[in-house]
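These protein sequence lines are chains A and B, in that order.
Position one of the first sequence corresponds to residue 18 (this note's numbering), numbered consecutively onward.
Position one of the second sequence corresponds to residue 1068 (this note's numbering), numbered consecutively onward.
FYI, nobody ran anything at the bench for these hints, they're computed from the structure.
Glycine included, each C-beta is placed from N, C-alpha and C at the ideal position.
Hints may contain errors.
Unchecked claim - Computed list of lysine-lysine pairs in DSS-like fashion (alpha-carbon distance at most 25 angstroms, straight line):
1. B:Lys1296 x A:Lys196
2. B:Lys1177 x A:Lys193
3. B:Lys1177 x A:Lys215
4. A:Lys88 x B:Lys1087
5. B:Lys1087 x A:Lys196
6. B:Lys1096 x B:Lys1177
What the hints assert, rightly or not - Partial list, derived from the structure: chain B residues whose beta carbon lies under 8 angstroms from chain A:
7. Arg1149
8. His1161
9. Phe1164
10. Thr1167
11. Phe1169
12. Pro1200
13. Tyr1203
14. Met1227
15. Gln1314
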Amino acid sequence: MLRDITIGQYYPSDSILHQLDPRVKLMGTLVYVLSLFFFRGVSGFLAVTLGLAVLIRLSGVPVGYMVKGLKAIAVILILTGMFNLLLTPGEPLISFGAVKITEEGIKSAAFMVVRLTYLVLGSSVLTLTTTPNRLTDGLEKALRPLNRIGVPVHEISMIMSIALRFIPILVEETDKIMKAQLARGADFESGNLIKRAKSMVPLLVPLFVSAFRRANDLALAMEARCYNGGMGRTKMKPLKYERRDGAAYLLLALYFAGIIALRIWLKF
Amino acid sequence: MSIILDKVDYVYNGGTAYEKRALNQVSLKIQDGEFIGIIGHTGSGKSTLIQHLNGLLLASSGGIYYNGRDIYEEDYDRKELRSKVGLVFQYPEHQLFEPTVFADVCFGPKNLGLSRKESELRAFSALRGVGLPEEYWYRSPFELSGGQKRRAAIAGVLAMKPEVLILDEPTAGLDPLGRDEILNQIASMHRELNMTILLVSHSMEDVAEYVNRIIVMNQGSILLDGAPKEVFRYRQELEAAGLSVPQVTELMQELRDRGIPVSPEVTTLKEAKEAVLQAFSKHRQA
């Protein structure tokens, strides 16, 4: 029922992307996101599409599985598209009374939808190919310099990895409670907006109760094992760069340079 | 009146790395008024199986018939099916949400479209049925103890007046006293209301005393199906599936192996006492 939510989930496999150092992948995601906001015109679009296609191919994650993750943001995509389509000023192409559709509107709607879709697909490659543990390690190490100016890097990465870890647990819990209420004749699907919002109460109340209970249990379990933050903590498997990581950095640099070059020299 | 399962298969997460076959060609017939124990190791598919019986999970292939009607027919009302086949999930107390226990028990009947008065009448008799003292009815469910919460949650399903009641591990996490109370209550519901009851458990001890038929699940298939005494004859097969026969049955079988002539087909403490006394009296006569 709710098992379709794939955002932030890990997909086990041992592709080349799975083996890369998490710091490389974090950097890669950053570069990829920047490139999404940098590219212009059809040539840039093609370059970014190619980059994404290569990434997905390398990750070894089935495309269908990734596309499922888009379902969760379908509403946002539609809303963004609509707003851009209808509210962008310019020469009207078609108009029904007060509603005007401009050429600029179509363009910006298409670009925004593509950008958002690529953003979600591309960044999900990071979480799909990296276990939450490695992700936390990578983030903590990559951001370590910020520690000196008083940013609690360890705590931030711990919070992030716990949040990621809890997504599947809460999804499962929601699924369970939903089924339990369905078994008592609850109806989550029919009726108008107000009725549907009301029908969420039997789902949300137990969900919140259980989320707090779980958070409490986790805090206790961490304290019972003497967790006291990142100070003086060592790793069993410290992160080490290998040759393929260097190669990946190089490819990233080339990709980014390519996107910039396209933006500067190719105007279409 | 019966439930029939015909070669039901169920696959979780088909087509991904997480694919898992949870049910494999399960065929089953459940008659009216039966009291059945479904036993299996963790992950044997018992919870998946029972969610098919009220249409919460839809089989990947195979058919399910309730009172002779195919529940996968397009115009079959599965919401009505859920009121006929009541399902109490594991840790059902986690589904309580209303400000008072009584209001929570009314949730099910209200969803069936019953009037307020009728809903309250049903909640009243359901709470009586599970033996929750009246002083707790108008408190918040979160103030109750574990065993009391569980009773309240079971009442929530009972108030829909199902024809078949399925309970998934109703004694999980309860102390021995709470366990016996709940099981006795269920057994008396079976006797007095003549309800068909399915009791899911991983413990033979729990069900042996109460049920009149045991279905043993192993890796998504039915391993054994029969009266408790018949099933417990297959001690080795059960142990291979990660299950054990009740302690008294094991004891009797050990005694027999050592040459004491007691019946090996003993499932409850009471029967064991009889069997041992009988063996003694024979011994004395000889």
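Structure-based check of each hint:
1. Between Lys1296 of chain B and Lys196 of chain A, the direct Cα distance comes to roughly 35 angstroms. Violation of the 25 angstroms bound is thereby established for this hinted pair.
2. Restraint check for Lys1177 of chain B and Lys193 of chain A: satisfied, since their Cα atoms lie roughly 21 angstroms apart, inside the 25 angstroms limit.
3. A C-alpha spacing of about 14 angstroms is found between Lys1177 of chain B and Lys215 of chain A, which places the hinted pair at or below 25 angstroms, so the restraint holds.
4. Simply put, Lys88 of chain A and Lys1087 of chain B have alpha-carbon atoms about 23 angstroms apart, close enough for the 25 angstroms limit, and the pair holds.
5. At most 25 angstroms may separate the alpha-carbon atoms for a hinted pair to count; Lys1087 of chain B and Lys196 of chain A meet this at roughly 20 angstroms.
6. Taken as a hint, the Lys1096 of chain B and Lys1177 of chain B pair is broken in the structure, with Cα atoms around 31 angstroms apart against an allowance of 25 angstroms.
7. With 8 angstroms as the threshold, the beta carbon of Arg1149 of chain B comes within range of chain A, its nearest partner Cβ sitting at about 6 angstroms, so the hint holds.
8. Annotation: His1161 of chain B was flagged as interfacial toward chain A, and the flag holds, the nearest CB pair being 6 angstroms apart, inside 8 angstroms.
9. Because the smallest distance between the Cβ of Phe1164 of chain B and any Cβ of chain A comes to about 4 angstroms, under 8 angstroms, the interface hint for this residue holds.
10. A distance limit of 8 angstroms between C-beta atoms decides the matter here; for Thr1167 of chain B the minimum to chain A is near 13 angstroms, and the interface restraint is violated.
11. Checking Phe1169 of chain B against chain A by beta carbon gives a least distance of about 15 angstroms; that is not within 8 angstroms, so the hint is violated.
12. For Pro1200 of chain B, the shortest C-beta to C-beta distance to chain A is roughly 23 angstroms, which exceeds 8 angstroms, and the interface hint is violated.
13. Annotation: interface hint on Tyr1203 of chain B violated; nearest CB of chain A at approximately 18 angstroms, more than 8 angstroms.
14. Using the Cβ-Cβ criterion of 8 angstroms, the hint placing Met1227 of chain B at the interface with chain A is satisfied: the shortest such distance is roughly 6 angstroms.
15. Hint status for Gln1314 of chain B: violated, given a least beta-carbon distance of 32 angstroms to chain A, over 8 angstroms.
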